[in-house]
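Novice: For reference, the chains in residue letters:
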Amino acid sequence: MQGLIERAKELLADGTVAQVLGWRKGDMGYDPEPAYFKSEEELKDFVYDAFCGANLSKYMIEAAKLEGKTLVFLKPCDTYSFNQLIKEHRVDRDKTYIIGVGCQGTLKPEKIREAGIKGIETVTIDGDTLKFDTIYGAKEMPFADALLERCKVCKGKKHMVYDELIGAAEDEEAGPVGNRFEEVEKLEAMSPEERFAFWQEQLSKCIRCNACRNVCPACSCRKCVFDSNQYDTSQKANAATFEEQMFHIIRAFHVAGRCTDCGECSRVCPQGIPLHLLNRKFIKDIDSFYGEYQAGADTDSRGPLTNFTFEDVEPSIVQTRGGGH
Amino acid sequence: MQRIGVFVCHCGTNIAATVDVKRVVEAAAKEPGVVHAEDYQYMCSEAGQLKIREAIEQKHLTGIVVCSCSPRMHENTFRQAAKRAGINPYMVEIANIREHCSWIHKDIEEATEKAVILARAAIAKVMLNAPLTPGTSQVVKRALVIGGGIAGIQTALDIADAGYEVDIVEKTPSIGGRMSQLDKTFPTLDCSACILTPKMVEAAAHEKITIYTYSEVEKVSGFVGDFHVDIRKKARSVDMSKCTGCGVCQEKCPSRKTPNEFNRGLNTRSAIYTPFAQAIPNVPVIDREHCTKFKTGKCGVCAKVCQAGAIDYDQQDEIITVDYGAIVVATGFDTIKLDKYDEYAYNQSPDVITSLELERIMNAAGPTKGHLERMSDHKPPKSMVFIQCVGSRCADKRGKSYCSKICCMYTAKHAMLIRDKYPDVDVTVFYIDVRTPGKNFDEFYRRAVEEYGVHYIKGQVGKVAPQGDKLLVQAADLLDNKQIRMETDMVVLATAIEPNPDVRKIATMLTASIDTNNFLTESHAKLRPVESPTAGIFLSGVCQGPKDIPETVAQAGAAAVKVVGLLAKDHLVTNPCTAKADPIFCNGCSTCEKVCPYGAISYEDQLVNDHGIRETRRVAVVNSALCQGCGACTVACPSGAMDLQGFSNRQILAEVDAICR
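First to last, the protein sequences are chains V and X.
Under our numbering, the first residue of the first sequence carries the number 1, and numbering increases by one thereafter.
Under our numbering, the first residue of the second sequence carries the number 326, and numbering increases by one thereafter.
The following block holds chain V by itself, in its conformation from the complex:
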């Protein structure tokens, strides 16, 4: 972490960047928040640890409007989002200085609380063990038990875009870990009735706080269609079953083919809805119909849903392969 702060100071001092986008200590040890740092003084509050789950890519949309370059710290999976935003002309690569930071996985505070650990001040990773300094003294728990679901099936530790790397993993080239479609396959195995009941139960918890939408790097519209009075959709938002049957499903459609599977939606959901499963179902289907595709792996390929090739499956094939329901 100190290395990141030192480098940020240098880049601010020599005028390479005008501001730094990183994570600042929160009220508690487990809730650092995205923040701008404009001076050496401000950087004393900078933090980077396993609680820094927030993907900073989306903040770069607004950062592009600021004076001068912005230094941003991106974890490997955050770089996919950044690339996707470059492709959609939403961020300005020329006004961005990217330091790729290493990541061993990010944490889910609820899991740690469940393990009875409270009053956290700092966290360090020691092999398979998480070590905490708390106001009640030193505590520890198995690292794997505290991981966010998204990090159990890591895409890989390689940065897709950066200007320099600090603290990157030695096994950077190692591929993905785990089968990210395992949960989706369980849902697919359900009968339509069971699946409907599952989602009905999950989505009915939604309080429409819009956290998922606001954090999602693919949800970067200047004005969301749900908020627009242009198409009479805002009135439909009053429908009784809106959250269960429309909002999340439509949102998943809107980000299909562009979602990098960063998992921020599920991370920020205060109700614990596994929203990323909707997106993963889309990714799985797109992979099976149009060939494997990872949004954000590059900045120039055409997304499968906005492209046409002679090899594209016919709708009838989509039907027989089970995509019709």
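Any given hint could be a false lead.
[Stated by the list, open to error] Residues from chain X shown here face chain V by an in silico Cβ test under 10 Å; the list is partial:
#1 638
#2 719
#3 722
#4 829
#5 830
#6 907
#7 911
#8 913
#9 915
#10 916
#11 924
[Unchecked claim] Result set (DSS-like, lysine-lysine): computed pairs, CA atoms no more than 27 Å apart in a straight line:
#12 223/V <-> 281/V
#13 95/V <-> 919/X
#14 559/X <-> 544/X
#15 620/X <-> 577/X
#16 665/X <-> 795/X
#17 764/X <-> 524/X
#18 851/X <-> 431/X
#19 746/X <-> 730/X
#20 408/X <-> 384/X
#21 65/V <-> 919/X
#22 577/X <-> 623/X
#23 905/X <-> 223/V
#24 623/X <-> 567/X
#25 281/V <-> 919/X
#26 223/V <-> 919/X
#27 894/X <-> 408/X
#28 284/V <-> 919/X
#29 623/X <-> 665/X
Quick caveat, the hints were computed from the structure, so don't treat them as lab data.
For each residue, glycine too, the CB sits at the ideal point set by N, CA and C.
Given the structure of chain V, go ahead and fit chain X onto it with the hints provided.
Specialist: Showing chain X alone in chain V's frame:
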């Protein structure tokens, strides 16, 4: 506030027999905004249009809904009627209660309920209609014909005779197409080349026609009236301006092992070649893939023997860009591959041939100089079997579901010619049905049977097996209900025809639609048979569907007339139902640009005033001349910034709401 009039048509009994039109009128009259509703026998008639006009004038209507047939039939009629009554023609909506309702329902209750719902949807839509004004675009007075067979040649001649410039692009080294490979033509048995070559010469000599042979269409942009086409003129390696066509290079060329495409691979040709004697232009090309000079650098015989110094090994492909007002597709056909038909032993015995190969064998300029002989031992056959419908009318997925249409007649022709020239050869034809609709066609077939003694057996052949120097044919005689096993010397397969495989690429470039068999789709199967649904694209010949020479020539002329009708216009009225981006909502993400099939969307930095926030944004801009109103962009746009005028998202949602009410 809109004042809507609803007009419900009986269409005689077409609608009124299944839909209670009075109830539709009553229901429509109760809809908010509707101030007038009536029904009439034939709304499209003069009297019906007058009713619309009177209602518009007397009740000060702002928009109308006509519940009638498909908008493809009379939308324009009613738009013009509205225009004459003083309202914008785009304030008219059609509720299709005929094709979408009365024709497909039997129950009056159900059909009436649906008609009411369709009317309601149209009323909800027209409430949100806005007046639209079409623009105009120019017409380039030049046509492109893709394909230089008889279809393309005839279309080009007819366009040129009407006084317009026309270019033919042909991918092979000569124009002429499939017809130049045929020996005789049914039902008159005149020599194919004798009737084709005068047309070729006429096209080549016509001052309004430019022929690009050994060339391919590389890229197409633009739209009806103003297409921009990149044509790749492949390197011929022979200077067309110097070559005298003496043919010495072909005689002296030492590389002579290349299968001769023109003779369907039955013999070989030199690496420098003209496909056939009457080729136009009579300038050879060097097949670089098979030329020793290009493969090893050592040879150069043709350059040495060429008196004119026309050989140019360094020639490069050249791409020219030409503007056209209209494009005619005349890409023709090929026979299907027979890999999936092992039972006919085509790949096992050289004595099993396709009908097109037989044409070459029968032709005086063919591989056997016109003598009928087996390709295995060059002996004359004593017995021949013709198998019809090989890959045509095929129930399984190996072949084509359609009838290739020409096979019955050319098989009768082959059988007759062989019996005429070689009376000692016994000829048997196996058929499913003999189909001979056409002027003098059935008489022709009957002559083959009755005068020439060709044996016609109804039944499909199950297997052809080479046995010694004979071919064993197993078949069923369905009329006699018995199995047949017979020996024969040659088997001729009436192989199904399919559109030239290149047509998919061309159709994609032209955004012309294509069916599952790769035939180009016509705009209307009956009423617009030579027009593609894509404006400015016309269809000529077998690329649209199987047809014989007389039909091809007739269709070629029809396509030419349509082209001439387009080129004769000073300007075109453009469709105002085009897409439009709202800069306030646009993210500038480029998604719409990727899905636009017409290249109509570009981006520019615009100063946007978003509720007081003034900033420069990258936003989408639609070129309304290029936009065809397909709406692909509107569904791809994540923020709903892109909308289609006349079919806006609000209008469509209002229709859905009205239906679901």
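Novice: Name the hints, by number, that the structure is in violation of.
Specialist: 1, 2, 3, 11, 29
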